[in-house]
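*Asks:* Chains as they are written, first to last, in the working numbering: chain A, 1 to 351; chain B, 1 to 351.
Errors might be hidden in some of the hints.
The calculated lysine-lysine pairs, modelled on BS3-like cross-linking and capped at a C-alpha distance of 25 Å, are [unchecked claim]:
hint, chain 1, residue 1, chain 2, residue 2
1, B, K223, A, K223
2, A, K75, B, K336
3, B, K336, A, K88
Keep in mind that the hints were calculated from the coordinates and are not lab data.
Protein chains: 2
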Amino acid sequence: MQVNIPLKKTIDNSYDITIDSLPKLHFDKKVAIITNTTVSDLHLDYLKERITAKELIVVTLPDGEQYKNQESINKILNALFENRFNRKSLLIAFGGGVIGDMTGFAASIYQRGIDFIQIPTTLLSQVDASVGGKTGMNNEYGKNLVGAFHQPKAVYIDPYFLKTLPLREFGAGFAEIVKMAVTFNKDFFEFLQDADMRDEQTLIEAITRAVKTKAEVVAKDEKEHGIRAALNYGHTFGHVIENETKYEKYLHGEAVAIGMVMANELACSMGLISNDEAVAVKFLLEKYSLPVDYEIKDIQKFYDAFFLDKKSSDSKITFIIPKGIGDVVISDECSKELLISVLEKFGVDNG
Amino acid sequence: MQVNIPLKKTIDNSYDITIDSLPKLHFDKKVAIITNTTVSDLHLDYLKERITAKELIVVTLPDGEQYKNQESINKILNALFENRFNRKSLLIAFGGGVIGDMTGFAASIYQRGIDFIQIPTTLLSQVDASVGGKTGMNNEYGKNLVGAFHQPKAVYIDPYFLKTLPLREFGAGFAEIVKMAVTFNKDFFEFLQDADMRDEQTLIEAITRAVKTKAEVVAKDEKEHGIRAALNYGHTFGHVIENETKYEKYLHGEAVAIGMVMANELACSMGLISNDEAVAVKFLLEKYSLPVDYEIKDIQKFYDAFFLDKKSSDSKITFIIPKGIGDVVISDECSKELLISVLEKFGVDNG
């Protein structure tokens, strides 16, 4: 005998991203703000002037990627249990990508899933982590290896928080903006070439266009079965660089910046972009003091490290290769010979 | 500025439940069988004669509800990481409800979600846990408080496994079958009154009807916002009984059996079912040696314990009250006076 469980259904996961000064918000339910020590010191008062709730608690975690782990997730969950949060309660992620990912993951598993909203405080989390619904934590095997797809109910991007953001972190966020432009939108790339991000309206415009671009991609492919993989442009190389430098030397966006330069080198070798286009990308990254070069000490080891990347399945490695500016090719057919020849351009002898 | 993230989409989560001898299955991918020591000793050879895969590993957990915790989840996840499972790999839950819930939860968070199938080996997990997509684990705050909704890709219910099932466990599963009949299907209830479960075809028929009933309910309300709550018939009282007896004296299905008798008492008081109907349910439960009585030592304490149930929000408690046989009322408006008067019928003085 066979019974079919007909779960075909339409879910409305839509949500709005507001890019503006944070409005006053009142929630008639229990709300937990999840933040870290740094953001709390700088901005918790600002937030609390704008957010009120039937019952409001704050969970403050230590700041840093090294705390993106099971222990921090349990701290969040335990605070919710202690305060008897129920299925209608709400979490607010108030911080950068680490806080956003962990808050989203905790929300996805607390009593099988409760709502959360994001108030990202770094440029990187505003343009990247705020769209896509990826949540998770790190463990001893690697980054973001445990997690869930769980969409926020709303995202509030307030440029005010960027005023206290260190320049290096600003650059790391800018790298992801460049990524979005190179892979999907030539017009946006040209806008960035002329833009002065110190001007708030220009900054808002850039954030909005980056968010819109990512939103279009994610809407087409929420669970990363196809085109969404293009958002990993620069990441296949970047992850190896982060691994080799033990996540200490570079911020994620900085490693991605170098990774994009490497992917462009691959694209040049395949005749997919011109040398002028590769130079234009490099020049844009340098405008925000992003690193664009890297010395590979052991080319074979760098190559082997591709296969440790969780986004690869079996022995295929997926590369995101720009095709001109504003278009992209996703390929897992790059030969070892081709890749080694690209990596050799970054080898010590050519460094 | 505001950007809408248009994630409205149709997901096809449909899957088939096969109720028959397990067919031979080959998977061209990495597969992990998650089981416990008891089921492994009894039935792993039987399973391995029927399941082959590109690469097959077995993760054996200790048997028992007390191991439904973070440590066991981590054991599963770590085995997957050690064996380099990827997003296309598959988990097979091979055991009762505890194994099913934990395997489903591990599958839901491993690399943000991979597939799993269920091969339930107890009557309870065959008729109940195999339909609905609820996954999770216990923690110090209570049962199933951390988890996810994650649907299996397929369920195989093989009555063969029931041959080794102790009679008490068979009864506990039967209680959930009775639950489905009383709340949704009078015809099914009458079938059960006449049925002899020792006959395999009758057993298959009963399992199939229970699964179909639950499937219809879950399809209407996958995330338990409405009618699905009716499946908690007997559970509001049952949970308190399980808590009071520290999960030691009764199996879950046994506590639910008593809980249904209590819910029927409530229904009688409200004039929703007749005394004859209440007696008929009790008689059916006794046919499989299920407990139908319970001495409440402290009525106020029993009443207060309703509010510890996670399915309650704020100060409302939801009761599932049969309306005749085959229909149900979901109410969070039962007065304290009414409830106390029902509980008094189970008080020591009346015991």
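*Asks:* With reference to the structure, classify each hint as holding or not holding.
*Replies:* Hints versus structure:
no.: 1; hint: B:K223 to A:K223; in the structure: holds (20 Å)
no.: 2; hint: A:K75 to B:K336; in the structure: violated (36 Å)
no.: 3; hint: B:K336 to A:K88; in the structure: holds (24 Å)
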